[in-house]
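Peer 1: So the chains spell out like this:
Number of protein chains: 2
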Amino acid sequence: MPYAVVLELVGEKPPPYLGKHAHGLFFALLSQMDSELATRLHVAPRKPFTITPLGEGQGTLLLRLTMLDDELLSPFLHTLLQIAPKGLPLGDTSYRLVRVLSTPEGHPLAGRVSWEALRDAPSVTEVALAFRTPTVFTTSKPGGRTRYTPLPEPRLIFRSLLEKWQAHSPYPYAPEEAAALLEVLELELELSSFRRLRFFRVQVARGFFPGFTGEVQVKLHGDCTEAQRTLGILQTYAFYAGVGAKTTYGLGLTVPLSTKSS
Amino acid sequence: MPYAVVLELVGEKPPPYLGKHAHGLFFALLSQMDSELATRLHVAPRKPFTITPLGEGQGTLLLRLTMLDDELLSPFLHTLLQIAPKGLPLGDTSYRLVRVLSTPEGHPLAGRVSWEALRDAPSVTEVALAFRTPTVFTTSKPGGRTRYTPLPEPRLIFRSLLEKWQAHSPYPYAPEEAAALLEVLELELELSSFRRLRFFRVQVARGFFPGFTGEVQVKLHGDCTEAQRTLGILQTYAFYAGVGAKTTYGLGLTVPLSTKSS
Chain A
1 MPYAVVLELV
11 GEKPPPYLGK
21 HAHGLFFALL
31 SQMDSELATR
41 LHVAPRKPFT
51 ITPLGEGQGT
61 LLLRLTMLDD
71 ELLSPFLHTL
81 LQIAPKGLPL
91 GDTSYRLVRV
101 LSTPEGHPLA
111 GRVSWEALRD
121 APSVTEVALA
131 FRTPTVFTTS
141 KPGGRTRYTP
151 LPEPRLIFRS
161 LLEKWQAHSP
171 YPYAPEEAAA
181 LLEVLELELE
191 LSSFRRLRFF
201 RVQVARGFFP
211 GFTGEVQVKL
221 HGDCTEAQRT
231 LGILQTYAFY
241 AGVGAKTTYG
251 LGLTVPLSTK
261 SS
Chain B
1 MPYAVVLELV
11 GEKPPPYLGK
21 HAHGLFFALL
31 SQMDSELATR
41 LHVAPRKPFT
51 ITPLGEGQGT
61 LLLRLTMLDD
71 ELLSPFLHTL
81 LQIAPKGLPL
91 GDTSYRLVRV
101 LSTPEGHPLA
111 GRVSWEALRD
121 APSVTEVALA
131 FRTPTVFTTS
141 KPGGRTRYTP
151 LPEPRLIFRS
161 LLEKWQAHSP
171 YPYAPEEAAA
181 LLEVLELELE
191 LSSFRRLRFF
201 RVQVARGFFP
211 GFTGEVQVKL
221 HGDCTEAQRT
231 LGILQTYAFY
241 AGVGAKTTYG
251 LGLTVPLSTK
261 SS
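Protein sequences appear in the order of chains A and B. For the first sequence, the working numbering gives the first residue as 1, with consecutive numbering after it. For the second sequence, the working numbering gives the first residue as 1, with consecutive numbering after it.
One or more hints might be untrue.
If chains are identical, the list can't say which one is meant, so a pair holds when it fits in one copy or spans any two.
[Unchecked claim] Below 20 Å or equal to it, Euclidean Cα-Cα: the simulated SDA-like pairs (lysine to any residue) are:
hint	residue 1	residue 2
1	Lys141	Ala179
2	Lys86	Gly24
3	Lys20	Gly207
4	Lys141	Glu183
5	Lys13	His78
6	Lys219	Gly207
7	Lys219	Gly144
8	Lys219	Thr138
9	Lys86	Ala28
10	Lys141	Leu156
11	Lys47	Leu77
What the hints contain is simulated information worked out from the structure, not anything from laboratory work.
Work the whole structure out from these sequences, hints included.
Peer 2: Quick look at the structure:
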C-alpha cells in the first residue's frame, strides 16, 4: 500500500544540502533495519520510496517520506521510533523527532491508498498536477548522452509515472500493453495550460540539476477508455511516486489538483 | 534581404481582434499592389512575412511587419504610402499612418540584415531567446491529429526556424544536409534555463490557440561545427522569421537576447 508520511523534526539549525542529508538519514535508518535490503535498494535503479525535505522554520523541519513497497513502511517506522530518542543526524545537526503525521488531517501531503483503489481509480480525460519541488526528466539519447528536460511535457510526465507504476505496482500492465498505452498517451495527451512555471537549478548529491515547479493541466484526446483509466490511476499515483528524476533527493514532489471523470 | 519595420498608426479606438484585422489590412494592401501575388501568398503554407500588433496606447498603434522576400518590401511600402492618406482600415476603425520606423534607432524591433550576413553569422554554442508574443508549435501526429505544444522545447524552436530558413532563404541547406542538422540539433540541444514563462490562450482568426511568452537559454552540446554555425544563423534569423505557428497573426515574435560565440 503506497504511503506518505511527514516527519516533524526539531534541531538547532538546518544543514545545507538538506536533500542529500535526508537521503543519507533514510539509508542509515534502512541499514539499521536491514543492512542487506539497504544495500540492495541503494543500487536499485528504481527505488520504492521518495524523500523530500519540505522546508523548515524556527528549528522545525518537515521531512516527507513516501513508500511504494508494502513491506517497507512498518519495519522502517519501527526502526525510526527506536533510533529517534538518540537523535537523528542530518549533516552536522542532530534532530529530534516530534511527530509522525500519517493522515491528510495531520498534513495535507500525508496519506495512503491501497494498490487496489489505485488500480480501480476512476477514468479521467483531464488531469491537473502541481509540481511542488523542482522536477526534471532525464532523457537519454544515443551515444551515451544524458540530457535533462526541465519542462512539463505531458508525454514525459506520464511516461515517468507509467514506468514507476510498472516498477512498483503489484498490478503492472503486460509489457506489450504498457507499450501500446505509452503510444496512445504520446499521441493523445496535450498540455492545455500551465501556471506559475518557474525554473530552478538545484544541487543533488554531487551534481546540479535543472528543474521546474508549477501547475499544469493536461487533456487526453481521443476515446481510448484504457488510456483514460490509466490516466486516472497515474494522477493519483503521482502523489506517492513523484515524477521524473531524483525523487529520493527531494525532486519531483507532485500533487494532483483536481480530476474530471470521463 | 529580411526586413522588419514598425508602422506607427493613429486612430480613434483600437478594434478587438487586432491580430486578425492587421492580417486583413496587410492582405488588402497586398491585393492593391499585386492581386495575383496576394492570392498566391494567401494560400501559401509558408508565408514570407510576419505581422504583429505591438499594442497600443493613447490612440497610437504600433504594427510590426517583417518581410523575408526581397521582392516584397519596397513595392509594399510604396502601396502603403499611396493608400495611407485615405486611411488604413483596421476593423471598423480607420487609422492614419504617422511614421514608418525601419531602423533599430527608430524602434528596437525594426531592422534589417542581408541574407549573406545571416549565412555568415558567427557560430554559437549558446542561444538566449525572448518570446515576446504568445508562441506555439503545431505538432502533427498520425491519423490527422493536430496537437499544440505551448512550451519552449529547444528541438521545436529550432526545427521551426530551420524549416522557415529552408522555405525562404536563398541559401537553403541541401535536403539531406538539413535532415542531418535537425538530427544533431535534436540530440545536442538542451534547455539550460527559462525565465518569466507565462501561458496564454489567444484568439487567432476563427480559433483559440495556447501559447507561451518568456525567455529561454539553450545550450548546444557536442562539437559539431556545422550545427554551431546553423545555431548562429537561426538565432539571428528568428528576429525576422518569428518562431512557431501563426506568425502572420501576431504569434511567435522572437528576439535574440545575447550570443556566445564558439
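Peer 1: Confirm or reject each hint.
Peer 2: Evaluation of the provided hints:
| no. | hint | verdict |
| --- | --- | --- |
| 1 | Lys141 to Ala179 | both (19 Å within a copy, 17 Å between copies) |
| 2 | Lys86 to Gly24 | within (17 Å within a copy, 76 Å between copies) |
| 3 | Lys20 to Gly207 | within (11 Å within a copy, 48 Å between copies) |
| 4 | Lys141 to Glu183 | both (19 Å within a copy, 11 Å between copies) |
| 5 | Lys13 to His78 | neither (26 Å within a copy, 72 Å between copies) |
| 6 | Lys219 to Gly207 | between (34 Å within a copy, 18 Å between copies) |
| 7 | Lys219 to Gly144 | between (33 Å within a copy, 18 Å between copies) |
| 8 | Lys219 to Thr138 | between (23 Å within a copy, 16 Å between copies) |
| 9 | Lys86 to Ala28 | within (14 Å within a copy, 81 Å between copies) |
| 10 | Lys141 to Leu156 | both (14 Å within a copy, 17 Å between copies) |
| 11 | Lys47 to Leu77 | within (18 Å within a copy, 64 Å between copies) |
Going through the hint list in order, the structure does not satisfy hint 5, though it satisfies all others.
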